[in-house]
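Starting from the known structure of chain A, fit chains B, C and D onto it as the hints suggest.
Heads up: the protein sequence lines correspond to chains A, B, C and D, in order. Under our numbering, the first residue of the first sequence carries the number 28, and numbering increases by one thereafter. Under our numbering, the first residue of the second sequence carries the number 126, and numbering increases by one thereafter. Under our numbering, the first residue of the third sequence carries the number 2, and numbering increases by one thereafter. Under our numbering, the first residue of the fourth sequence carries the number 5, and numbering increases by one thereafter.
Hints are computed from structural coordinates only; laboratory data are not their basis. Fair warning: this is a prediction, and the values are worked out from it, not measured in the lab.
Just the calculated beta-carbon pair ranges, DEER-fashion:
#1 A:Ala243 / D:Lys137: 28 to 34 Å
#2 C:Asp73 / B:Glu128: 55 to 61 Å
#3 C:Ile96 / D:Leu347: 26 to 32 Å
#4 D:Lys137 / A:Leu309: 18 to 24 Å
Covered stretches of chain D (in silico footprint by chain A; criterion: 3 or more residues with CB under 8 Å from a CB of chain A, positions within the stretch not fixed):
#5 271-278
#6 317-326
The beta-carbon is built from N, C-alpha and C at its ideal position, and this holds for glycine as well.
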Amino acid sequence: MTAFVQATLYGLLQGGLLALVAVGFSMVWGVMNVINVAQGAFVVLGAYIAFALNSTLGLDPLLGMFVAAAVLFLFGYAVQRGLINLVINAPIYLTLLLTFGLDLMLVQGMNIAFTADFRSIPTSWAGKSLALGDIRIPLGRLIAFGVAVAVTLLLVAMVTRTRTGLSIMATGMDRGAARLMGIRARHVYALTFGLAAALAGLAGAMVGTVGTFNPAAAAGYTLLSFVIAVLGGLGNMYGALVGGLVIGLVEAWAGQYLPGTWVNAFAFLVLILVLLFRPSGLVGRPFYASRVEV
Amino acid sequence: MLEVAGLSAGYGRVQVLWDVELSVGQQQIVALVGPNGAGKSTLLRALSGMIPISAGQASFRGLEVGGRSIEQIVDLGIAHVPEGRRLFPGLSVRDNLRLGGWRTDNRDIGRVVELFPLLGDRLNQIAGSMSGGEQQMVAIARGLMGRPDLIMIDELSLGLAPMIVDEIIERLPDIAAAGTSVLLVDQDVDAALSVAERAYVLETGHIVLSGNAAELLADQRVRESYLGIS
Amino acid sequence: MSEGGAAPETPVLDVRGLGRRFGGLQALADVSFTVPRGRTLGIIGPNGAGKSTFINLVTGHIRPTSGRVLIDGRDMTGARPWSVARAGVARTFQIVKPFRGMTVRENVAVGILYGPEGTGIMSHALTAADEVLEQVGLGALADRPPGELTVADARRLELAKALALRPRLLLLDEVMAGLRHREIEPSLALISSLKKQGMTIIAVEHVMKAILAISDEVLVLHRGRVLTSGEPDAVLSDPRVIEAYLGHRYVKRQRAVSRDA
Amino acid sequence: MGTSSADVSTPARVATTTARPRAEARWRRPLPWAAGALVVLACLGLQTQLYTGQERTVTTIFMFVALAQAWNIIGGFTGYASFGQVVFFGLGGYTTAVVMYHWQWNFWLALVVSGLLAAAFGALIGLPLLRLKGHYFAIATLGVAEGMREVVTNLPDLTGGGAGISIPTVGPGAPTAYLGNDGFYILFLLLAALAVLSAGLVSRSKFGLALRAINQDEAAAGSMGINTTLAKVAAFTLSGFLVGLVGASYAFQQVTIFPERLFDVDITVLMVVMVVIGGSGTVLGPLLGAVALQYLSEYLRQHYTNLHTFILGAIIIVAVILLPQGVVNYAREAARTRDFSLLRNVRRYRL
Numbered sequence: 028m029t030a031f032v033q034a035t036l037y038g039l040l041q042g043g044l045l046a047l048v049a050v051g052f053s054m055v056w057g058v059m060n061v062i063n064v065a066q067g068a069f070v071v072l073g074a075y076i077a078f079a080l081n082s083t084l085g086l087d088p089l090l091g092m093f094v095a096a097a098v099l100f101l102f103g104y105a106v107q108r109g110l111i112n113l114v115i116n117a118p119i120y121l122t123l124l125l126t127f128g129l130d131l132m133l134v135q136g137m138n139i140a141f142t143a144d145f146r147s148i149p150t151s152w153a154g155k156s157l158a159l160g161d162i163r164i165p166l167g168r169l170i171a172f173g174v175a176v177a178v179t180l181l182l183v184a185m186v187t188r189t190r191t192g193l194s195i196m197a198t199g200m201d202r203g204a205a206r207l208m209g210i211r212a213r214h215v216y217a218l219t220f221g222l223a224a225a226l227a228g229l230a231g232a233m234v235g236t237v238g239t240f241n242p243a244a245a246a247g248y249t250l251l252s253f254v255i256a257v258l259g260g261l262g263n264m265y266g267a268l269v270g271g272l273v274i275g276l277v278e279a280w281a282g283q284y285l286p287g288t289w290v291n292a293f294a295f296l297v298l299i300l301v302l303l304f305r306p307s308g309l310v311g312r313p314f315y316a317s318r319v320e321v
Numbered sequence: 126m127l128e129v130a131g132l133s134a135g136y137g138r139v140q141v142l143w144d145v146e147l148s149v150g151q152q153q154i155v156a157l158v159g160p161n162g163a164g165k166s167t168l169l170r171a172l173s174g175m176i177p178i179s180a181g182q183a184s185f186r187g188l189e190v191g192g193r194s195i196e197q198i199v200d201l202g203i204a205h206v207p208e209g210r211r212l213f214p215g216l217s218v219r220d221n222l223r224l225g226g227w228r229t230d231n232r233d234i235g236r237v238v239e240l241f242p243l244l245g246d247r248l249n250q251i252a253g254s255m256s257g258g259e260q261q262m263v264a265i266a267r268g269l270m271g272r273p274d275l276i277m278i279d280e281l282s283l284g285l286a287p288m289i290v291d292e293i294i295e296r297l298p299d300i301a302a303a304g305t306s307v308l309l310v311d312q313d314v315d316a317a318l319s320v321a322e323r324a325y326v327l328e329t330g331h332i333v334l335s336g337n338a339a340e341l342l343a344d345q346r347v348r349e350s351y352l353g354i355s
Numbered sequence: 002m003s004e005g006g007a008a009p010e011t012p013v014l015d016v017r018g019l020g021r022r023f024g025g026l027q028a029l030a031d032v033s034f035t036v037p038r039g040r041t042l043g044i045i046g047p048n049g050a051g052k053s054t055f056i057n058l059v060t061g062h063i064r065p066t067s068g069r070v071l072i073d074g075r076d077m078t079g080a081r082p083w084s085v086a087r088a089g090v091a092r093t094f095q096i097v098k099p100f101r102g103m104t105v106r107e108n109v110a111v112g113i114l115y116g117p118e119g120t121g122i123m124s125h126a127l128t129a130a131d132e133v134l135e136q137v138g139l140g141a142l143a144d145r146p147p148g149e150l151t152v153a154d155a156r157r158l159e160l161a162k163a164l165a166l167r168p169r170l171l172l173l174d175e176v177m178a179g180l181r182h183r184e185i186e187p188s189l190a191l192i193s194s195l196k197k198q199g200m201t202i203i204a205v206e207h208v209m210k211a212i213l214a215i216s217d218e219v220l221v222l223h224r225g226r227v228l229t230s231g232e233p234d235a236v237l238s239d240p241r242v243i244e245a246y247l248g249h250r251y252v253k254r255q256r257a258v259s260r261d262a
Numbered sequence: 005m006g007t008s009s010a011d012v013s014t015p016a017r018v019a020t021t022t023a024r025p026r027a028e029a030r031w032r033r034p035l036p037w038a039a040g041a042l043v044v045l046a047c048l049g050l051q052t053q054l055y056t057g058q059e060r061t062v063t064t065i066f067m068f069v070a071l072a073q074a075w076n077i078i079g080g081f082t083g084y085a086s087f088g089q090v091v092f093f094g095l096g097g098y099t100t101a102v103v104m105y106h107w108q109w110n111f112w113l114a115l116v117v118s119g120l121l122a123a124a125f126g127a128l129i130g131l132p133l134l135r136l137k138g139h140y141f142a143i144a145t146l147g148v149a150e151g152m153r154e155v156v157t158n159l160p161d162l163t164g165g166g167a168g169i170s171i172p173t174v175g176p177g178a179p180t181a182y183l184g185n186d187g188f189y190i191l192f193l194l195l196a197a198l199a200v201l202s203a204g205l206v207s208r209s210k211f212g213l214a215l216r217a218i219n220q221d222e223a224a225a226g227s228m229g230i231n232t233t234l235a236k237v238a239a240f241t242l243s244g245f246l247v248g249l250v251g252a253s254y255a256f257q258q259v260t261i262f263p264e265r266l267f268d269v270d271i272t273v274l275m276v277v278m279v280v281i282g283g284s285g286t287v288l289g290p291l292l293g294a295v296a297l298q299y300l301s302e303y304l305r306q307h308y309t310n311l312h313t314f315i316l317g318a319i320i321i322v323a324v325i326l327l328p329q330g331v332v333n334y335a336r337e338a339a340r341t342r343d344f345s346l347l348r349n350v351r352r353y354r355l
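With the rest of the complex left out, here is chain A (with noise of 0.2 Å):
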């Protein structure tokens, strides 16, 4: 029994971190309709420059994540005000091939800069962990789902209160008829990209801690990406979480009761299986799919 509860519970902290990993990915498909193949670029991205601020500055992931945050903001607010807006009405293809340049380009820069060795973030805080009864608590991936929990609820409430948050949700809903109450769409476009890269650049330096990383694994969490906003729908901001805790909830009992490494293989049939039969995901909004462009 204490295994099914332990699996549980690692699933569940499992789930939380990969929402964190796709929230940015779910929300830039949402409001743009752009499928961002470079996510798990910018993940990676974020978790490097954790290391190489702890490596350098002794400064806890805790603390450089905030840092990772913020450059990966400008990067993505430049990424998108400078390329993927001159090709946002073009065909989706040109969007997608669009962005695998772009992580082709973010995974051999990483390759260059840092090596393919995998790295991990050290810190004194990570390793414990705290006993429950017989149950294990590791304190390292407790801490990454509590920041994980706390980014997504902050970001909801800042999309559903704030002016800001409001206009995102405006332009992603009808492009033209928000742009017909004066908001400069360009702009909110790129804010959406470059909060997206921020949030991943969170859940890198998450990653980071808790596990080992290298240029490589960013295909992995591109996919990743892909399953869990798939899964949870779009047009919800809960959406991510959903789809990231049902993911990780699966592949923790999976991982203990399914011989071998069937788990992807299972994940991918979830992945077409709700494509088929229900495109607007678990708690997802049907009226995204008919969104209006201007």
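For chains B, C and D alone, coordinates are given in the frame of chain A:
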């Protein structure tokens, strides 16, 4: 206020409007009517920057409108309530109204609720779940939230019961009195002409009739342009 | 609407209680009528009356939620668009939809290749396409990309693509919309020549002049229901129709004016 | 009869009714077929001039010409941008490896069976997936490819799983002797010619016309009598068949194959890039795109070993922005409208 001279516009190679003359005075209500496909909505889209003006000029309080982006025209003080209303379906009425006030960060919803009391107790309802009439009110209220000097309303009566159309139309004079001129585009000739001072009839992209609204109301040619019976 | 004395020949189109609901909205409800061979039915009604929904239901682009559609007596309710097309029903689109990346001639050839008498041979189809283009007056533009056509010519191409299917029933969805006065005359002439060749036509139109010129009978849709139907002149002067178009007070005032006169 | 359009004086353009030459049906025009045959002969001749290193590079170029042309049939003509075409590549490769390793089939039989199996798989998943559109179709096909890689990795006794599987190519156990560099050069040349031929035939045929109609407007295509479901699945199956054949030949060439290589998403993306940069929906486009891009990446790999993908990424970004419609479409449009400005191209999709 708004002076349009020799205006032509269309979609890519397809020209829809042919040298349109039109003007809207200070605090005035002007109606633009005409059969379907006459180009009424195209004119409003050209004036709000959604489509480019291919020839002629449109000036608002002396400033040229042509060539400006949608956002810049909103900054000039022109609000456009688009065809099909296009509220933000997933957001509440309050959020839709707050977005209307985006330009000047005007959060004072009270003023527009006075105009449309029905909205008063519906502020938390999701816009997408309201009736056609209510959505039209929210759309106009949202337009007014930006405190525009001119509000252009497209197809006000589309899909609404006559009674509700009347209820909304009766508010237009108050809007004009409060300092916002109104350019009303509608198919319901009678409702539009009954509230407007001046009116224009547009047919296949040309202004065919214009003048005092009351005279036009009685003019046989208006019915003709609609039902084509000479 | 069947012919008086003649044996009741199966109508080309027989619609019974046709309806379609989108969530809460009943876009079309309980529409029934028949269109005998060689006759032309005009369908009018203000925006949002359900005209396009009706056409999309007959051509199979959307599936009805109630009622039946019979073409030449065969039940085609909910059939896929291509089976309806192969049963001899052709349509034009309200928003003109030429196939870019092909020439005007190839646009028409698609109908000939995939219509009821679809021939497999490309060159036969291309020659037949030239004939149809001549028939609608686009012979000179056969090699042009459709993107360069004017509104009037693009509408003619729509018509040519429909005729390429050698249809038994032709559904015209606002073929006259956006045409300037000088361009309406030639289109009317074209449609009347089709009528003379015995083509059965349903025309959805706002341009009343066109409805009057070509319709043997007119049906009025309002808010998804049949308001009335009958002879064109009678229908167009029916107060309910005018009210549907011009607003209820317009009719009241007109009546008041005529009473005082 | 209706007056001809000439007298309708539209301000934009007065249609001149010059005497119209009887335009030949596109497929009768001999020029493209002759040019094609000539190129194939030239490549055969070229083989004698190359030494091993260059020969292997050109062989890879032929492979990507075939892959790009195959993707063009579903992504270019029909407009369904699949991001999982590598699933057929992997399926073709592993079918050949399995039948040759376990049942000692000879390669040529294995090749045909692999192609047919890939085509059957295409039809099987095509029916449900081709109902999806845009991003959803792209991600669903990507999911299928990634899923299939996991399945193959988890069947070690059949496919050798992560440790890979080797095709017996030497000694008595080898059902078919290894073709060697010269042999594979000709094999991939033939595959490339087959793919280009198929694309050429499809593009000029009744079937190609239907695919283009679906690409432009599926609803209108339906009401012209085209069974859109059947046409889409047929295009997906044909594309799968061609990619399957190439996968099978690649497996035999590599002798030992691994799931990460045979189902690598970069292969699909390279196909897409080559078609997009070359000119989607044309026959010449993917051909030029494949030759140019593959030659470029070989050149970069040799001269800038670790900067290679970095520069490739930059080129993809620049190409997508400057030439969204691809070189061939841009050239054709520019020739017709005399407007060569790239700026107009950039402004076309801007917000």
